[in-house]
Amino acid sequence: MASIRELHHQLIQKERTAVELAEAALARMDALEPQIKSFLTVTADQALAQARRVDAQIAAGEPIGLLAGIPIGIKDNMCTQGIRTTCGSRILETFVPPYESTVTQRLQQAGAVMVGKTNMDEFAMGSSTETSAYQVTANPWDVERVPGGSSGGSAAAVAAGECVVSLGSDTGGSIRQPASLCGVVGMKPTYGLVSRYGLVAFASSLDQIGPFGRSVEDVALVLQAIAGHDPHDATSLDVEIPDYAAALKPDFKPRGKLRIGIIKETFGEGLDATVEAAVTQAVEQMQAMGAEVQVVSCPQFRYGLPTYYIIAPSEASANLARYDGVKFGYRHDDPENLLDMYVKTRSEGFGAEVKRRIMIGTYVLSAGYYDAYYLKAQKVRTLIKQDFERAFQQVDVLVSPTSPTTAFRAGEKTDDPLGMYLLDLMTIPVNLAGLPAISLPCGFDAQGLPIGLQLIGNVLREDLLLSVAHAYEQATEWHKRKPPLAV
Amino acid sequence: MSIDREQVQKVAHLARLQLTPDEETQFTTQLNDILDYFEQLSELDTSQVEPTTRAIDTVNVTRVDQLQSTAVREQILDCAPDRDGEFFRVPQILND
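Sequences listed follow chains A and B, in order. If you count the first sequence from 1, position 428 lands on 427 in numbering that gives the first Met the number 0, and the numbers rise without skipping. If you count the second sequence from 1, position 35 lands on 34 in numbering that gives the first Met the number 0, and the numbers rise without skipping.
If we strip away everything but chain A, and leave its shape as in the complex, we get (with noise of 0.2 Å):
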């Protein structure tokens, strides 16, 4: 599928109707479906209905937004009003939400297409999608591979071109992670600068909705559309929305201006080659293009996925309380008691990892284990951030790879999952400090699967990120590669 600005040119030039775009998007997933997987819900009547009053507006002469009969995929952790929201899970398989999200509702105003929900790792606890409750999703790239997680069913539509763009959310590199194993772009905006009302929560301090895109510019357009204050959400932020697009350039100049910093921690032990050499070949080309480029260290850096496997279970375990039965979702249906209904419906309801992440966080926030855990993982948490901040005074941006690995095959690590919390080292440092990052194709390994690069940025510079991605992106090739699907 062409770009956003591609296809609202056909549209204003009535080479092609949005009906017609959301009847290509809905005719490619019923034929790449049974293969990926990628959606547990298709609204096909809800996009067609869309996509007719977008062209009744282009037929009336009226002025449209560039995101207009744009087909898009929502993870299936944002509300829908009227439509299933089953977060991946068995306990919310009959849940229809009564309320819309703050972003589908600024997508719908915008025009944007929604074609369906995508799936991902049950209440967005996974890097593989595969602990989703009802289905896993393929790699477009190796169908026998994840297209990681937690949002992989947003990563993998936007690769195989099931849909133009995507939103996922992102609590430790569920955004980036996917884009990284699927090709894409994927972006975690900074903490607060994207309403997370109607946002099933998981950990309320580090979840973040962002965009997927094949293009930076893409993911840049549907971050406008996303970003700003929403009254619904108190720790939305207040503040002024630069224009992204505007911000892209081709180019780092006035050359030597564009500080990088490498951050050592990230390259060592654990690391793929072939992953290194591709980041490391996508710094040095950033140097060439006028960057300058020094290494940093962050010496906490690796202190970081403890730390969050502290504190995101803790804040999951006290927001999945409300999954009891009572008010919505599944319920046990013929208990003995008020306890009993509780217990049952939670313990029939929740999968595995679900399971053990509400242990783990049950555990670390009893009576005499708080300090040790919950407390000292928040002040670890303050190192972390004072990390990044020396860093952010040296530099403008911070570089290393998005995943230690490419995409693995699925079942390789469900049984260990210690060693799928291991794939977020490089990601979940970055939601502790509340920051934002892009990831963006950077090169391909032997069997043909895509690196990704991971760009960090200070609070609130998506601007500055999105135009050195942008900039590397246009003078790379690797976003114009496409997965080899049959269709």
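Hints are not guaranteed to be accurate.
[Unchecked claim] Cβ-Cβ distance ranges computed for the label pairs, FRET-style:
(1) P50/B with G269/A: 26 to 36 Å
(2) E335/A with F86/B: 16 to 26 Å
(3) G418/A with E49/B: 31 to 41 Å
(4) F86/B with A58/A: 45 to 55 Å
(5) E5/B with P33/A: 46 to 56 Å
(6) F87/B with E14/A: 45 to 55 Å
(7) N59/B with Y368/A: 24 to 34 Å
Don't read these hints as lab results, they were simulated from the structure. All residues carry an ideal CB built from backbone N, CA and C; glycine is no exception.
Chain A is fixed; fit chain B onto it per the hints.
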């Protein structure tokens, strides 16, 4: 610190979860591995460090405490697994 099977059962009870014997065995091993992994945080001296509860500083947000009506009352009630008119039905919680 390590966790034994009995503690796993206790934590499961606190979390309102009922584990199968197989899950208990598996979780005891896995939670111990994960807790062992957390041990590396003790390498860091944090005695002089303030905790971070949120990454980006925010101020408390207040609003007028005013009654607002919602148009989706029916849809909210419809979400209930067991609805009785305008009530959510649950198993009996009081003795006769």
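Structure-based check of all given hints:
Taking 26 to 36 Å as the suggested C-beta distance range, the pair P50/B and G269/A conforms, at roughly 29 Å. Restraint check, E335/A to F86/B: a C-beta distance of roughly 21 Å satisfies the suggested window 16 to 26 Å. For G418/A paired with E49/B, a C-beta distance near 33 Å keeps the hint of 31 to 41 Å intact. For the pair F86/B and A58/A, the supplied restraint of 45 to 55 Å holds, since their beta-carbon distance comes to about 49 Å.
Range check, E5/B to P33/A: about 47 Å between beta-carbon atoms, so the 46 to 56 Å window is met. Between F87/B and E14/A the C-beta distance comes to about 53 Å, which sits within the given range of 45 to 55 Å. Checked against the hint of 24 to 34 Å, the C-beta distance between N59/B and Y368/A comes to roughly 29 Å, which is consistent with it.
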